[in-house]
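J.: Quick note, the sequences are listed as chains A and B, same order.
Under our numbering, residues 1 to 159 are what the first sequence spells out, in order.
Under our numbering, residues 160 to 1050 are what the second sequence spells out, in order.
There's no promise every hint is true.
SDA-like mimics (lysine to any residue), calculated; alpha carbons at most 20 Å apart, straight line [said to hold, decoys possible]: (1) A:63 / B:318; (2) A:63 / B:594; (3) A:63 / B:313; (4) B:352 / A:71; (5) A:131 / B:219; (6) A:112 / B:609; (7) A:63 / B:214; (8) A:131 / B:313; (9) A:149 / B:219; (10) A:71 / B:609; (11) A:51 / B:313; (12) A:71 / B:313.
Rough simulated footprint, nothing fancy, chain A against chain B, three-plus residues with beta-carbon under 8 Å [said to hold, decoys possible]: (13) 443–453; (14) 799–810.
Just the calculated beta-carbon pair ranges, DEER-fashion [as the list claims (entries may be wrong)]: (15) A:94 / B:542: 38 to 46 Å; (16) B:624 / A:138: 46 to 54 Å; (17) B:542 / A:142: 49 to 57 Å; (18) B:302 / A:115: 38 to 46 Å; (19) B:219 / A:94: 26 to 34 Å; (20) A:123 / B:761: 37 to 45 Å.
To be clear, the hints were calculated from the coordinates, so they are not data collected in a lab.
Built from N, CA and C at the ideal position, the CB exists for glycine as well.
Okay, here's what each chain looks like letter by letter:
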Amino acid sequence: MRNLGYKSALVFALAMISAVSLWSDVKVVLTASKIVQVNGNEQKQPGDKAKPGEVIEYVADYKNTDKRPVKDVQAKLPVPNGMEYLPDTANPVPVMASTDDVHYAPVPLKRKVKGTDGQMKEELVPYSEYKSLRWDLGVIGPEEMKQVKARMKVRTQSK
Amino acid sequence: MRRHYSRGGGNLYRSLPLLFTFLVMIAATLFTPSTATAQTTAGTAIGNQASATYTDSSSVSRTATSNVVTTIVQQVASLQLTANGAKTASPGAPVFYPHTLVNTGNGSDSFTLTLAPAQSGAFTLTGTHIYLDANGDGIPDNFTDLTGTQVTVAPGAVNAFKFVITGTVPAGATAGQTNNFSVSATSVFDNTKAASNTDITTVTANAVINVTKSISSNSGASPSGPYTVTLTYTNSGNNTASTVNISDALPAGMTYVAGSGRWSVTGATVLTDATGDVQPAAGSPHIDYSVTGSTITGIVDQVGPGVSGQVTLQVNIASGVAPGVLTNTATLSYNDGSGTTVNGTSNSVNFTVRQSASVTISDTGVAANDNDGTINGIDTINSAAQGATVTFTDVVTNTGNGTDSFDITIPSNTFPAGTVFTLYKSDGVTPLIDTTGNSTPDTGPLTVGASYTVMVKAALPAGASGGPFNATVTATSTVVGAINAGANASMIDRLVAITANTVDLTNNAALGGPGVLGVGPGPEASPVVTIAANPGTTATFVLYVNNTSGASTADSYDLVASSTTTFTTSNTLPVGWSVTFRASLGADCSAANFGAVISNTGVVNGGTAKLVCAVVSIPASAPAGAQAIYFQSKSPTSGALDQKHDQVTVNTIHNVTFTPNGSNQIFPGGSVVYTHNLTNNGNVSEPITFTAPITADNQTGWASVLFQDTNSNGTLDAADVAVSTGTTFTLTPGQSVILFVKVTAPSGAAVGAIDTTTARAGYNATFATALDQTTVINGELRLLKEQAIDATCDGVADTAFGQANITAGAVPGACVIYRITATNAGTANVTSVVVSDATPAFTVYQNNPAASTTVGTITAPANGTAGTISANVGTLTPGQSAVVIFAVKIQ
């Protein structure tokens, strides 16, 4: 309960500086939990505090509150500054990612670079450069919900 | 600061209102150049917000965003202590070992500096101390001992804490003996985190050369300079050192200034940078000073005991050097006089290359999102509808020399009041949030030369139009400690025009529909639709409110009617007229489809129309002719309006009445007067004419005459003029005049004969007629009723009795006294005469004076009640009168 109060107060303060909420049929609720290993078992703890290197799992619920279906739903989950996407933790799959918040491609991202021999070659984009994830959820039926989640690590090296 | 933070978790919960302020304070205090921070800074609030784009059931593309969740980065302690040292020293001489403590944690921390209580080795240093060496020249800045104290160090190499530990070799120590001496630093935040260095001192009887290094400034920009590097050597040993080789390899980013070498022995003489030439050319001591690549070497042929000297040189900081710390340590070798070569190092000197913040922000020059198509510092959008949201595309570029995040603000704008600006990431969907802990949304870290596109959305208020409107968008560097901290750049987001919403009010059909009338702006000069109707009825106009704004621009409209082109917020119509607007339950304005009474259309989407039925109620008294009706639809938000000119033509109604019909009794040869009202009940003025016969009697020998009540006193008297065929006058609608019909029976009229008199007045090619029926009787009883006011109800009439209306004093509480005179005007007795009257409406019987009759008996209601007064007069002889008096009180 105390944790909740603490988080709520902070969310409120930050919300004031972000966007005005837009009217919509689809309600999005995002939660953050810290994933810790206790005696070899995974445990979820409140995600309001974490040390560098600790893992946060973001879960976003997309609920269609309307009586009619919505379609072409694209869910976006940023990889915030200070966090780094952990590979193979996005759910569902497939998932797409972007390094510029604009252009998305299937994970893992690849890019062409010029090798030391002057030849263009393909290499994987480091996960630390991912800036956001995107899922194409398609149709969400009336009063139905779809969920996406992914884990990220608090950076041990500042970007 | 650390103490506050480490206990902050508990305090935060107990002091929620202070939380956010507190966190901001921490973030602002602790934020350091990111390139120098080992880990994500403690206290950083990592916010995240999910979003979605989707297409709703109306095929409209929409956006949804989640709540913001925030993770506060917690502090972890970490430190690095450098370096282990090794020196030779003479017995009785002091030794100095420089050390550097770097906080490699993610938050400010304090560290306890301690010297190991036990030294190991063949001898023990005496007088051991820890001294501050803030400028890193290897020499104590002062002699305040820091042993056992806590020093606070911010994270990062930039904030490295430099100190010197010192001790004295006992005089009795002998050559070859060694001593191990340790210093440690322990984190106060997490005392499991500690580090130590060990310095090894070896006693020698020969030369001992120490070199210390310093630089004239410990920080500067890239490029900058020159800075003077001073290498000081001292022989604290007891023998002459030879081939004292001091070498300084400059770190990358630091460049040597050619010909800048000087030696304390040769003073101002410039040392040559070439190898192999000694200066001075003859004698000793001399130096072979040379520069190879970025390594400067000075070889002094000999340094006697107690002798010291300095080599100085100059360096520049090259351009393009990333912000950070350049660390430099000189190396040393010499022959200690015994033929043994001793190696050593100087203290290490840090030079902080300070970040230089610089930023540009510009438009794209791409016509699709910058309508002027050129990069000119103005992102131009040509037009937008009222209430629309305009998106500007602004590109922020880091032109500084280090990673930087840039706050995006809109410090000023000339947009209409009520415009809401919102910042989004490059996708235009995800809100731009703060990542630096200063509460202002920013781009997030941009590496050198990197660009980020910020989407600025301006949600326009509904009612504004015009333009152009400018908003200044500013990008401001957030890096702390930069040479030009707070560097910023601005551009303009310009909306050239807000296109006003429009509406078209049409009759009978929507725009483009069959039979549509009144297309285009009104009010029209002539009525578009005219409906003819009788007074007292209604006329229904079929109106369509067409939203002619852009397809995506919904609006709503207030409905109001007026008889002129001047409108107020309510209907403005002639007396008796009214208009109600009704929604239609179907596709027309038949009465069966009348829906709710409305004064506003509700939302009308752009490009669509709303059917409204305007029901005009015409008063019964409405004069014949045209009545203009103007309708207006006006948006209360955008002000879009149109007016419509329609008309009701009130039909002409001719209706004159001649009332009431009368009946009376007369004796043969007598006459009687009937009073009639000639009234215009139509809605046009009626010229009244009289044509023969003006009056007609259906009994032979009877005569009748029609008189005007010329003096309007309600009584036929000498002043009143008989109507003739030449008489004409006009009655306006509602006007009434009194006409008298005087009927005279012939003296030979038979008792019981009945005469019907027809009087007529001509109008509109017809006649209004009144019929009076007169019966001849033998005994003719005439009744005369008169009245007088008794204002105080004292039983005495205040005035004479008369037939005239009482025009003053007949107020509630006053009394009226009636006098009825029954006279036998005939020639024979009238028998069984009963005179009856009743208390008029709104009066009650008043027994002062008590009801009375001069002949016979009388009954009356109880005092104060309504009822009938009845006088049983009995027989009246010819010429005899009975006078009945009673009073009433007005309630």
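J.: Run through the hints listed earlier and report the numbers of any the structure violates, in increasing order.
T.: 1, 2, 3, 4, 5, 8, 9, 10, 12, 13, 14, 16, 17, 18, 20
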